[in-house]
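Undergrad: With the sequences and hints as input, model every part of the structure.
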Amino acid sequence: MNLNQLNRILLQTLLLPVVFLLLVAGLLVWQVRDAERTVERIQVANQNIATANLINALMVDEETGVRGYQNTSNEIFLQPYEFAIGPLQDAFAKLRAGVTAEQGDTRPIDDLVAAHQLWVTTIAEPMIDKVRNGGNTRDPGTNLRGKAELDNLRALSGAIIDTEKQQNALAVQRWQTQVTHTLYAVIGVSLVSGLLIGAFARNRLHAVTSAFQGTLLALRDETQSTYESEQRLLATLTSIGDGVVVCNSEGCVVLLNPVAEQLTGWSQKDALNRAVHEVYALVDETSHEPLENSYELVKQTNRPTGTRNTVLIRRDNTEIQIESSGAPIHDRFGALIGVVIVFRDVTEQRRTQAALMASEKLAVAGRLAATIAHEIHNPLDAVVNLLYLMKSGSTPEETQQFIQMASTELDRVTQISRAMLGMYRESRTPVALELKPILDSVLVLLERQLANAQVTVKSILLDKAIITGYPAELRQVFTNLIANAAEASAPGSTIEIVARIIAASHGRGRGYPRAGVAIIINDHGSGITPEDLDRIFQPFFTTKGEHGTGLGLWVSQGIIQKHGGTITVESRTTPTDPGTTITVFLPRGDAELPPHSA
Amino acid sequence: MSQSGHLVLCVDDEKVGLQVRRLILERSGYKVITAHDGQSGLSLFESNPVEAVVLDYAMPGMHGGEVAARMRERKPNVPILLLSAYLGLPAEITKLVNVYMTKGEGAPALLEKLGSLFEN
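Order-wise, the sequence lines are chains A and B. This note's numbering applies: residue 520 is where the first sequence begins, and numbers increase by one. This note's numbering applies: residue 16 is where the second sequence begins, and numbers increase by one.
Please note that the accuracy of each hint is not assured.
As the list claims (entries may be wrong) - Computed Cβ-Cβ distance ranges for the label pairs, DEER-style:
#: 1; chain 1: A; residue 1: 922; chain 2: B; residue 2: 54; range: 32 to 40 Å
#: 2; chain 1: B; residue 1: 85; chain 2: A; residue 2: 1057; range: 23 to 31 Å
#: 3; chain 1: A; residue 1: 1057; chain 2: B; residue 2: 134; range: 56 to 64 Å
#: 4; chain 1: A; residue 1: 916; chain 2: B; residue 2: 102; range: 35 to 43 Å
Hints listed in this document are in silico derivations from the structure and should not be mistaken for laboratory results. Ideal Cβ positions, reconstructed from N, Cα and C, are used throughout, including at glycine.
TA: Printed below as a string of C-alpha cells:
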C-alpha cells in the first residue's frame, strides 16, 4: 500500500458520510419546503374561514340594520347596514381571491354573492324604501321571504365555511403526514447510511490495516535478512586472513577487522572515526617517506589500485612489510561512499624471498667455484713450478723468461679474482655503470665453462652504453643468462651478445618509453617449448633436472625489475632454426658517471 | 734422481702450465712429449712407446677421465697420473688412474708421485 492509495482510502472514508449528510440535508430541505407549502395552504384556508366568518358577521349586521330600521324607522339603526356594504364587497372579493388561491371552487362564492345581491335588491332595499316611505313593513309574506333568503345566505356561507374547514383539516392532516414521513425518512436514511458508512469505513480500514500489516511483515523480513546478511558479512570479514580497513567518503575509519586490528595495533573501537592515514600509516620501503594512502589513491582515480608493497607503521611504531590494495565502494547510483583496503603481512614472505635470493647468489658462486678453482689453480700452479725452476738453477735469460711467464699468469689470477669479487662487493645506492666492462668481466668468469662446452661468444658491446644500477647484481644476472645460453648450446655453436643504446620513444605501442640499453643474448640451442616459456620465471622451475635450483631466472627477473627494466624471452623450437633470444632492457636512469671513468 | 729418459706424455690444454711442466720434467731427466687436448693426446699415446702419462682433468671436448678410460682400453699397463685443479673428483674417475693429485701442490710433489709410478 503506498501513500496515494492510503490517501484515497482516507478520502473515501471521510467523503462518504459527508455525501450522505448532504443527501439527508437535501431530503430535509425538500420535505420542509413541502411542509411550508402545506402550512401556507392551511393559512390560506384559515384566512378564508375568517373571511367567511366576517362575511357572515357583516351579513348579520346588514340584517340587524334593516330589522332595526324596520322596527324603529330610525336612520340611526340603519347604520350597521350601511357600514357593512363596503366591507362586505371587499370581503367577497377577498374570499374569492382566497379560494382561487387554493384552487378551490369559486362558484359557491358566486352563488353567495348572487344570493346576497338578490336579498339586497329584493328584500333589503325594498324594505328600506318602504320604511322611508312609511309603507307596510309588517307584511308577513315579505318577512317570510326575507327570512328564507337570509337562511339561504346563511346556508351558503355556512357551506363555504365548511368547505374551507374541510380544506383546512385536509391540509393539516397532510402536514402531519408529511412531518411523520419526514421523520421516518430521516431516521431510516440515517440508520441505513450509518450502517453503510460503518460497513464501508470498516472495509476500508481493514484494507489499510492489512496493507499496513503486510508492510510491517515485509519490513521485518527485510530487516531480518539484512541483519542476517550483515552478520554473514561480518563473520566473513572477521574470519578472513587478510586485514581489512573500511573508511567512509571523508577518509575516516569505519571498520577494522580482527586481522587489521592485530596488524595495525589499533583496536576498532579506538580507530573508529579517526583519519585513515593515522591508523594505517604507510611509508616507502627504501626511503621511509610517508606514502600516499590507498584511500587517497582510490579517491583520485575512483578505481581499484593495484597491489603494492609498502611498509606499515604500527601503533607502537614498529614496522612490518605489507602488500596492500584498495578499491572504491559505490552506492547504487555510482557515487563513491567509501574505500576498502585489504592488506597482508608479507614480512615473513619477503624474508624468505630475500633468503632465497641470497642463497641463489651463493649457489651461483658455488656453480662457479669449480671454474674459479680451475682458473686460479692453473696459473698458480704454473707460478709455483716456475719459482721451483728458478730456485733449482736457471740461466739469466731463462730466469727473465720465467719471471715474464709468472707475471702473465698472475695477471690472469688477478683478473679472475677481481671478476669474482665484482660479483659480491655491492654498492649501497645505484650508480652509473658502463655495460661493456660488466659483460666483459662476466665473460672472463665464464671463459672456462664456455671453452669446455666448446661454445664461442660473439659480442658487440658498445662503449658508452650507460645505465644506472647495482653492478654486482647485474653481473649475477648476466652470468646466469650467458651460462644458461652456454648450457643450451651444442658444441661448436655460437652465442651472440649485443648491447644497443635505446633512445626514449613516446606514444606508439611498441618500443621503450625510456632511454636505456637493450642487451640481447641469442643462442642456437634447442629452444624453449611454449608451455615451459610460461613458467621459466617461476621460482623452482628448471629444465635442468637435478642440476638446476630453478631460481636463476626468478632472481634475475627480480633484479631487473628492481632496476626498473624488463626481460623478455623469445624462443623457437623448430628443427631448422632453433634457439632462444633473451632481451634485457635497463633504463639509463639518473646517475652520472664519475669524471675520468675509463 | 735422474730418471734415465723415461718417456712421459703430458696432456693439458693450459699452454703455459704445460710448458712449465715439461721444463720441470726435462730438468729431472724425463723425455717429454705434449698434447693440448685429449684427441691429439690419444694419438700420441698410440704411436709412441709412452711409459707414463701426466694427464690434466679439465679439458674442452674430452675431459681427462674419458682420455684415461680410452688409454686403459688401449694400453692398460701404462701408468697414468691425473692432475686436476678441482678437489674431489668422483671415484669412478680416480680409480681409472694410478695416482691423482691436485695442481698447486708444487713441483717436488709431482716429481715424487711420478717417480713412484716407475718403482714397480
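Undergrad: Looking only at beta-carbon atoms, does the pair residue 922/A, residue 54/B fall within the given range of 32 to 40 Å?
TA: For residue 922/A and residue 54/B the Cβ distance comes to about 34 Å; the hint holds.
Undergrad: Hint says 35 to 43 Å; check whether the CB-CB distance for residue 916/A and residue 102/B agrees.
TA: 37 Å, holds
Undergrad: Using the Cβ atoms, figure out if residue 85/B sits within 23 to 31 Å of residue 1057/A.
TA: 42 Å, violated
Undergrad: Can the suggested window of 56 to 64 Å be confirmed for the beta-carbon pair residue 1057/A and residue 134/B?
TA: 58 Å, holds
The earlier numbered hint that this structure contradicts is number 2, and it is the only one.
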